[in-house]
Amino acid sequence: RKEVEQDPGPFNVPEGATVAFNCTYSNSASQSFFWYRQDCRKEPKLLMSVYSSGNEDGRFTAQLNRASQYISLLIRDSKLSDSATYLCVVNLASGGSYIPTFGRGTSLIVHP
Amino acid sequence: DVKVTQSSRYLVKRTGEKVFLECVQDMDHENMFWYRQDPGLGLRLIYFSYDVKMKEKGDIPEGYSVSREKKERFSLILESASTNQTSMYLCASSSLRQVGAPQHFGDGTRLSIL
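First to last, the protein sequences are chains A and B.
Going left to right, the first sequence walks through residues 14 to 125 as the working numbering numbers them.
Going left to right, the second sequence walks through residues 7 to 120 as the working numbering numbers them.
These aren't lab readings, by the way, just hints derived from the structure by calculation.
Cβ coordinates follow ideal geometry from the N, Cα and C atoms, glycine included.
Careful: at least some of the hints might be erroneous.
To be verified - Derived BS3-like pairs (lysine-lysine); straight-line CA-CA distance at most 27 angstroms:
#1 Lys24/B to Lys58/A
#2 Lys92/A to Lys19/B
#3 Lys77/B to Lys58/A
#4 Lys19/B to Lys61/B
#5 Lys77/B to Lys9/B
#6 Lys9/B to Lys58/A
#7 Lys76/B to Lys63/B
#8 Lys58/A to Lys63/B
#9 Lys76/B to Lys24/B
#10 Lys19/B to Lys55/A
#11 Lys63/B to Lys9/B
#12 Lys76/B to Lys59/B
#13 Lys58/A to Lys76/B
#14 Lys24/B to Lys59/B
#15 Lys61/B to Lys77/B
#16 Lys55/A to Lys9/B
#17 Lys55/A to Lys24/B
#18 Lys63/B to Lys55/A
What the hints assert, rightly or not - Computed Cβ-Cβ distance ranges for the label pairs, DEER-style:
#19 Asn78/A to Ser118/B: 18 to 24 angstroms
#20 Asp52/A to Phe26/B: 24 to 30 angstroms
#21 Met94/B to Ser94/A: 30 to 36 angstroms
#22 Thr89/B to His124/A: 23 to 29 angstroms
#23 Ser81/A to Ser88/B: 29 to 35 angstroms
#24 Gly29/A to Ile66/B: 38 to 44 angstroms
#25 Arg72/A to Gly22/B: 47 to 53 angstroms
As the list claims (entries may be wrong) - Short, incomplete list of chain A residues facing chain B, as computed with Cβ under 10 angstroms:
#26 Pro21
#27 Gln51
#28 Leu59
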């Protein structure tokens, strides 16, 4: 079983739509969680960290459900520029540091 | 702002060559990572380091080695390049001092082995 799983999509939505992605993780000892955005042929860039109480940054809302071991990302009022791949990342403590584990990403296409 | 710099954006090498990919970060981060990314497979961790001269194997270390002689620099070495090592290579760094610190990535190196 993969440690971090995401629906690869693509999610094809019109501008202005609300879209949500989920990401499940298998290790209950996972400690920190992030969403990254990756544009085609570019490096991943941090979109937002995910906190236990949930957090919001403009049109983006992230939630963590430790009991069910998933995190979610909600995008409201989608823009054409939101088209990208969204990567879920889970950090697991290991020795004196931690190991980040990436999901394979969810592709979002926002069309006019 | 964190800056992670990879030495080359594009690189073409021949089978059997020894290949060096360099990565430098300017934020005094303890952790540094090397990934490769292939279509449909996502990012896969090759090696990481959480201190000078320390290295840990990731998920796919075979055919690779690393060097961390200075805190700011983490090198990935392909001992004898093979065509199946054609890929996008990404370096990242993060702080060990901050709990839950995110990673910051370089621009990536597109490596082709002929």
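So, going through the hints one by one against the coordinates:
1. Distance restraint check for Lys24/B and Lys58/A: the Cα-Cα separation of roughly 30 angstroms exceeds the 27 angstroms cut-off, and the hinted pair is therefore not satisfied.
2. Of the supplied pair hints, the one linking Lys92/A and Lys19/B is violated, its CA atoms being roughly 40 angstroms apart against a limit of 27 angstroms.
3. In summary, the hint linking Lys77/B to Lys58/A is supported, as the alpha carbons are separated by about 22 angstroms, within the 27 angstroms threshold.
4. Only pairs whose Cα atoms come within 27 angstroms are accepted, and Lys19/B paired with Lys61/B is accepted, the gap being roughly 25 angstroms.
5. Between the alpha carbons of Lys77/B and Lys9/B the distance comes to roughly 14 angstroms, so the proposed pair stays at or under 27 angstroms and holds.
6. A C-alpha spacing of about 12 angstroms is found between Lys9/B and Lys58/A, which places the hinted pair at or below 27 angstroms, so the restraint holds.
7. Between the alpha carbons of Lys76/B and Lys63/B the distance comes to roughly 19 angstroms, so the proposed pair stays at or under 27 angstroms and holds.
8. At roughly 24 angstroms between alpha-carbon atoms, Lys58/A and Lys63/B fall within 27 angstroms of each other, so this suggested pair holds.
9. Pair hint Lys76/B plus Lys24/B holds up; C-alpha atoms about 21 angstroms apart against a cutoff of 27 angstroms.
10. Between Lys19/B and Lys55/A the CA atoms are separated by roughly 22 angstroms; this keeps the pair inside 27 angstroms, and the hint holds.
11. Pair hint Lys63/B plus Lys9/B holds up; C-alpha atoms about 24 angstroms apart against a cutoff of 27 angstroms.
12. Of the supplied pair hints, the one linking Lys76/B and Lys59/B holds, its CA atoms being roughly 8 angstroms apart against a limit of 27 angstroms.
13. Of the pairs offered as hints, the one joining Lys58/A and Lys76/B holds, with about 25 angstroms between alpha carbons and a cut-off of 27 angstroms not exceeded.
14. For a cut-off of 27 angstroms, the pair hint linking Lys24/B to Lys59/B stands: about 21 angstroms separates their Cα positions.
15. A threshold of 27 angstroms between alpha carbons decides the hint, and for Lys61/B with Lys77/B the separation of about 12 angstroms falls inside it, so the pair holds.
16. The hinted pair formed by Lys55/A and Lys9/B meets the criterion: a straight-line CA distance of about 15 angstroms does not exceed 27 angstroms.
17. A threshold of 27 angstroms between alpha carbons decides the hint, and for Lys55/A with Lys24/B the separation of about 26 angstroms falls inside it, so the pair holds.
18. This hinted pair checks out: Lys63/B and Lys55/A have alpha carbons roughly 25 angstroms apart, not beyond 27 angstroms.
19. Distance hint for Asn78/A and Ser118/B: a CB-CB separation of about 42 angstroms, inconsistent with the stated range 18 to 24 angstroms.
20. Taken as a hint, the range 24 to 30 angstroms holds for the pair Asp52/A and Phe26/B, whose Cβ atoms sit roughly 27 angstroms apart.
21. At roughly 23 angstroms, the beta-carbon separation of Met94/B and Ser94/A lies outside the given 30 to 36 angstroms, and the hint is violated.
22. A beta carbon spacing of about 37 angstroms between Thr89/B and His124/A contradicts the range 23 to 29 angstroms that was offered as a hint.
23. Range check, Ser81/A to Ser88/B: about 42 angstroms between beta-carbon atoms, so the 29 to 35 angstroms window is missed.
24. For the pair Gly29/A and Ile66/B, the beta carbons lie near 41 angstroms from each other, so the given range of 38 to 44 angstroms is met.
25. Against the hinted window of 47 to 53 angstroms, the Cβ-Cβ separation of Arg72/A and Gly22/B comes to about 50 angstroms, which satisfies the hint.
26. Nearest Cβ of chain B to the Cβ of Pro21/A: about 8 angstroms, under the 10 angstroms cut. The hint holds.
27. The beta carbon of Gln51/A is positioned within 10 angstroms of a beta carbon in chain B (closest approach about 9 angstroms), and the interface hint is therefore held.
28. The closest approach between the C-beta of Leu59/A and any C-beta of chain B is roughly 5 angstroms, which is under the 10 angstroms cut-off, so the hint is satisfied.
Violated hints, listed in ascending order, are 1, 2, 19, 21, 22 and 23; each of the other numbered hints is respected by the structure.
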